[in-house]
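Engineer: One letter stands for each residue in the lines below.
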Amino acid sequence: MNGYTTHEFDVLVIGAGGAGLRAAIEASGNGTKVALICKSLLGKAHTVMAEGGMAAALGNADDRDSWSTHFADTMRGGMYLNNSRMAELHAKEAADRVNELEAWGAVFDRTPEGRINQRNFGGHKYRRLAHVGDRTGLEMIRTLQDHGIHQGFEVFMEYTVVDLLMDGGRVAGAFAYERNHGTFHLFRAKAVILATGGLGRCYKITSNSWEGTGDGHALAYHAGAEMRDMEFLQFHPTGMVWPPSVRGILVTEGVRGEGGILQNSEGRRFMFDDIPDAYSHQTSDNEEEGWRYITGDKQARRPPELLTRDHVARCIIREIKEGRGSPHGGVFLNIHWIKEHIKDAEGHIKKKLPSMYHQFKELAGVDITKESMEVGPTTHYVMGGIKVDADTQMSTVPGLFAAGECAGGLHGANRLGGNSLSDLVVFGKRAGQYAAEYASAHDMPTIDEGQVQDITQETLAPFERGDTGENPFQIQQALQEMMQAKAGIVRTHAEMAEGLEELQRLKARAATCGVQSNRDFNPGWNTALDLKPLLACSEMILMSAIDRKESRGGHYHDDYPEKCPEHGKWNTIIQKGADGTMTRRESEIPAIRSDLQGIIEENQR
Amino acid sequence: MSKATFRISRGSGGDLTPADYEIEIGEGMVVLDAVHQIQYEGASDLAVRWNCKAGKCGSCSAEINGMPRLMCMTRLEDLDLSQPVTVEPMRAFPHVRDLVTDVSFNYRAKKSIKPFKPRKPDNADGTWNMKQEDVERVQEFRKCIECFLCQDVCHVLRDHHKHEEFIGPRHFVYSAALEMHPLDTEDRVADLKKAQGIGYCNITKCCTVVCPEHIKITDNAIIPLKERVVDEFYDPLTKLFRMFKPKK
Numbered sequence: 001m002n003g004y005t006t007h008e009f010d011v012l013v014i015g016a017g018g019a020g021l022r023a024a025i026e027a028s029g030n031g032t033k034v035a036l037i038c039k040s041l042l043g044k045a046h047t048v049m050a051e052g053g054m055a056a057a058l059g060n061a062d063d064r065d066s067w068s069t070h071f072a073d074t075m076r077g078g079m080y081l082n083n084s085r086m087a088e089l090h091a092k093e094a095a096d097r098v099n100e101l102e103a104w105g106a107v108f109d110r111t112p113e114g115r116i117n118q119r120n121f122g123g124h125k126y127r128r129l130a131h132v133g134d135r136t137g138l139e140m141i142r143t144l145q146d147h148g149i150h151q152g153f154e155v156f157m158e159y160t161v162v163d164l165l166m167d168g169g170r171v172a173g174a175f176a177y178e179r180n181h182g183t184f185h186l187f188r189a190k191a192v193i194l195a196t197g198g199l200g201r202c203y204k205i206t207s208n209s210w211e212g213t214g215d216g217h218a219l220a221y222h223a224g225a226e227m228r229d230m231e232f233l234q235f236h237p238t239g240m241v242w243p244p245s246v247r248g249i250l251v252t253e254g255v256r257g258e259g260g261i262l263q264n265s266e267g268r269r270f271m272f273d274d275i276p277d278a279y280s281h282q283t284s285d286n287e288e289e290g291w292r293y294i295t296g297d298k299q300a301r302r303p304p305e306l307l308t309r310d311h312v313a314r315c316i317i318r319e320i321k322e323g324r325g326s327p328h329g330g331v332f333l334n335i336h337w338i339k340e341h342i343k344d345a346e347g348h349i350k351k352k353l354p355s356m357y358h359q360f361k362e363l364a365g366v367d368i369t370k371e372s373m374e375v376g377p378t379t380h381y382v383m384g385g386i387k388v389d390a391d392t393q394m395s396t397v398p399g400l401f402a403a404g405e406c407a408g409g410l411h412g413a414n415r416l417g418g419n420s421l422s423d424l425v426v427f428g429k430r431a432g433q434y435a436a437e438y439a440s441a442h443d444m445p446t447i448d449e450g451q452v453q454d455i456t457q458e459t460l461a462p463f464e465r466g467d468t469g470e471n472p473f474q475i476q477q478a479l480q481e482m483m484q485a486k487a488g489i490v491r492t493h494a495e496m497a498e499g500l501e502e503l504q505r506l507k508a509r510a511a512t513c514g515v516q517s518n519r520d521f522n523p524g525w526n527t528a529l530d531l532k533p534l535l536a537c538s539e540m541i542l543m544s545a546i547d548r549k550e551s552r553g554g555h556y557h558d559d560y561p562e563k564c565p566e567h568g569k570w571n572t573i574i575q576k577g578a579d580g581t582m583t584r585r586e587s588e589i590p591a592i593r594s595d596l597q598g599i600i601e602e603n604q605r
Numbered sequence: 001m002s003k004a005t006f007r008i009s010r011g012s013g014g015d016l017t018p019a020d021y022e023i024e025i026g027e028g029m030v031v032l033d034a035v036h037q038i039q040y041e042g043a044s045d046l047a048v049r050w051n052c053k054a055g056k057c058g059s060c061s062a063e064i065n066g067m068p069r070l071m072c073m074t075r076l077e078d079l080d081l082s083q084p085v086t087v088e089p090m091r092a093f094p095h096v097r098d099l100v101t102d103v104s105f106n107y108r109a110k111k112s113i114k115p116f117k118p119r120k121p122d123n124a125d126g127t128w129n130m131k132q133e134d135v136e137r138v139q140e141f142r143k144c145i146e147c148f149l150c151q152d153v154c155h156v157l158r159d160h161h162k163h164e165e166f167i168g169p170r171h172f173v174y175s176a177a178l179e180m181h182p183l184d185t186e187d188r189v190a191d192l193k194k195a196q197g198i199g200y201c202n203i204t205k206c207c208t209v210v211c212p213e214h215i216k217i218t219d220n221a222i223i224p225l226k227e228r229v230v231d232e233f234y235d236p237l238t239k240l241f242r243m244f245k246p247k248k
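So the protein lines, in turn, are chains A and S. Mapped onto our numbering, the consecutive letters of the first sequence carry residue numbers 1 to 605. Mapped onto our numbering, the consecutive letters of the second sequence carry residue numbers 1 to 248.
Certain hints may be false.
What the hints assert, rightly or not - Taking lysine-lysine pairs in the PhoX-like style, the calculated list, with each CA pair at most 25 Å apart, reads:
hint, chain 1, residue 1, chain 2, residue 2
1, A, K569, A, K549
2, A, K33, S, K110
3, A, K298, S, K131
4, A, K352, S, K110
5, S, K162, S, K111
6, A, K352, S, K131
7, S, K131, A, K343
8, S, K216, A, K351
9, S, K205, S, K194
10, S, K131, A, K351
11, A, K350, S, K216
12, A, K361, S, K216
13, A, K351, A, K370
14, S, K114, A, K33
15, A, K125, A, K563
16, S, K131, A, K350
17, A, K569, A, K204
18, A, K33, S, K111
Said to hold, decoys possible - Coverage of chain S stretches by chain A, computed from C-beta distances (three or more under 8 Å per stretch; other residues unrestricted):
hint, stretch
19, 19–31
20, 45–52
21, 86–98
22, 102–111
Stated by the list, open to error - Rough simulated footprint, nothing fancy, chain S against chain A, three-plus residues with beta-carbon under 8 Å:
hint, stretch
23, 31–42
24, 100–109
25, 147–153
26, 207–221
27, 357–364
28, 451–462
29, 468–480
I should point out that these hints are in silico values taken from the structure, not numbers from a laboratory. Beta carbons are placed, not taken as given, at the ideal position from N, Cα and C, and that holds for glycine.
Using the sequences and the accompanying hints, generate a full structural model.
Structural biologist: Shown next as structure tokens:
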């Protein structure tokens with residue numbers, strides 16, 4: 001049973017969300033042999049849950065928009081810790097990627113002129129998000145899936161990669177198990193693309209599905225890759241808070257884009273109370289102007305509900321902490337108030353936000369056309385990730401590429417809503433293209449049999465401990481509770497230090513976990529193996545966060561609540577040290593190209 | 001806190017035995033929460049497929065008290081908890097373990113459908129113009145989350161096992177989304193009639209009943225496709241015209 005099947009490919013793509021699918025499509029062709037491994041069934045990856053839209057300066061809804069404004073918005077949103085070249089490429093190429101999806105069958109909502117419609121979102125100066133109601137991610141993944149299955153790459157569904165194989169310093173492939181029967185598979189490949197998404201399952205309250213265990217982050221880390229900015233987590237301001245079983249499920253920012261307002265228990269629109277200086281010139285200070293913006297008035301400034309996610313989330317936390325929260329520990333998100341302005345508000349809400357309507361109706365018994373939603377922050381996205389070259393998406397490990405959420409750099413300290421879906425396809429395409437080029441220029445690497453033996457042993461260890469070991473679900477939950485408490489939306493030095501200590505105890509517990517029964521579709525075993533990436537990611541987050549002694553974007557340090565200009569000059573780098581322990585250092589941000597700097601300054605006015 | 005019993009099918013390769021689990025239940029819980037609770041309390045090897053737990057990915061399909069449903073969208077409050085709640089795997093697909101089935105048939109069936117083939121772009125920049133009212137019909141079909149509950153309930157697959165001759169309601173919805181796409185130029189009608197077996201559907205509408213996305217599968221997708229098949233193959237005038245048309 002320790003045997004394995006060997007497969008050989010030129011390019012191996014790990015992860016089948018938007019980035020992985022787009023990479024596989026791009027890498028296929030020209031005779032390149034490509035495999036796509038997905039942890040779940042094809043089309044179920046977390047991309048499917050993206051709701052609000054895909055940011056691209058198409059200029060359909062507002063012709064003043066351009067790639068340069070999109071670039072400047074992305075940099076400001078990321079508080080200038082972004083890789084500016086990535087932000088430039090992203091802003092320049094996103095529009096082509098949207099149009100390409102249409103050419104592959106995607107059906108976006110339309111403007112009256114018949115073009116792709118665009119909606120308002122936080123931090124975007126103009127109406128910029130191409131969307132399909134509030135199920136844009138489903139549209140994207142289905143389009144890529146339905147196009148992709150005819151492109152000739154081979155799909156391995158329900159395979160989980162447990163380790164990358166190395167040939168000296170270069171990546172040589174990956175070792176995986178198949179879920180249905182637990183069989184082992186060795187994938188030899190000249191180039192490997194990681195497109196594994198996020199790590200929200202490190203936390204108790206998260207919008208992420210079970211897959212979001214940071215596999216790619218951990219695989220790259222263990223392979224020796226440099227990881228950047230891991231302290232920056234996005235806590236989406238609006239997750240469901242009630243009932244308990246749905247806590248954390250995402251409520252799209254599209255609700256606010258369509259005019260939804262945030263209110264505290266006193267009915268006050270508290271977002272008017274704290275508007276950051278960087279945004280004051282483009283944020284309205286009264287309800288009347290905010291509404292005019294929603295209806296497309298180009299002279300009006302954005303309502304404060306559409307400030308960046310990090311800021312909105314912190315304002316919500318403030319209201320809750322100061323005793324002005326909703327009954328179940330959130331605040332109120334009100335979309336039904338638009339009936340004051342729109343005749344058929346009920347029909348409009350159901351048309352623009354159909355899944356939100358159903359989600360609240362079916363899971364919480366709330367009719368959002370009549371009642372307010374209770375919402376609070378939920379762990380949503382990791383800005384940090386594998387450090388990559390902006391143009392090629394290659395990591396610091398030769399032959400290892402990364403795209404999408406598991407790659408770091410584009411979003412800096414905070415991601416703007418809508419910039420993720422565009423990230424997936426812009427950089428998925430680039431990773432696919434350059435991985436295929438790399439593969440064609442290199443020979444098949446050699447497999448280290450010793451490494452393979454070690455991996456199989458480690459993978460089967462939970463069975464050897466059997467019933468005497470601890471239930472992996474309980475260790476996973478303990479880790480999630482620890483991270484929620486020690487490295488959540490508001491952080492302190494003391495708590496993070498405790499978190500690091502607790503993490504060592506959890507690592508020891510993980511080494512004693514045991515599972516029963518056999519390898520056939522065994523969630524206990526699968527969860528036991530997921531503990532390794534979860535623990536590695538949690539440690540990376542804590543190690544990075546504890547030493548950023550300021551508050552910026554997704555990292556809010558209660559001991560240092562202000563942004564510090566000195567700390568805006570470097571990125572955190574995490575790397576596995578020679579002795580196997582985790583190391584952290586600061587890496588100076590290179591000077592921004594002068595033309596890009598000019599664009600940033602122009603847009604600050 | 002009250003208690004409820006869940007009678008879950010356990011076993012591999014179709015050899016199933018019901019096992020009862022009694023757990024504490026809390027407000028707002030759904031069936032998938034109950035399954036997770038049972039795993040957490042000891043049955044860590046209880047096999048279940050799930051992803052988003054928000055009704056968006058269509059992974060956690062099962063038969064709850066005999067009805068094909070998503071476990072994540074079935075609230076305990078809506079079930080009769082005075083008796084054990086039965087949770088069984090879908091029956092139209094080969095069984096793997098416990099609540100998990102092998103749904104790969106659906107991926108093969110989809111691949112047999114001719115892909116999207118757009119007309120030439122309307123604009124110089126390679127884009128098209130479409131009105132919202134022209135895409136709404138297709139947008140209904142594109143809401144499908146591929147949970148395959150419609151496939152599970154369809155008697156042509158479930159009882160008659162016509163998997164090799166019939167692609168099932170999900171793929172008629174997919175075909176309809178392509179056929180009615182304003183930009184598409186491909187013709188799939190002959191395939192629907194022959195290899196894909198649309199004639200087997202006798203419009204019992206069970207698929208529409210179980211669809212968690214409330215897609216009117218029968219009325220809006222299958223019947224219009226059947227009409228296209230009839231127009232192309234069974235219209236007497238067309239038939240007559242064909243008889244005299246010179247063979248290609």
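Engineer: Which hint numbers does the structure go against, in order from smallest to largest?
Structural biologist: 4, 17, 28
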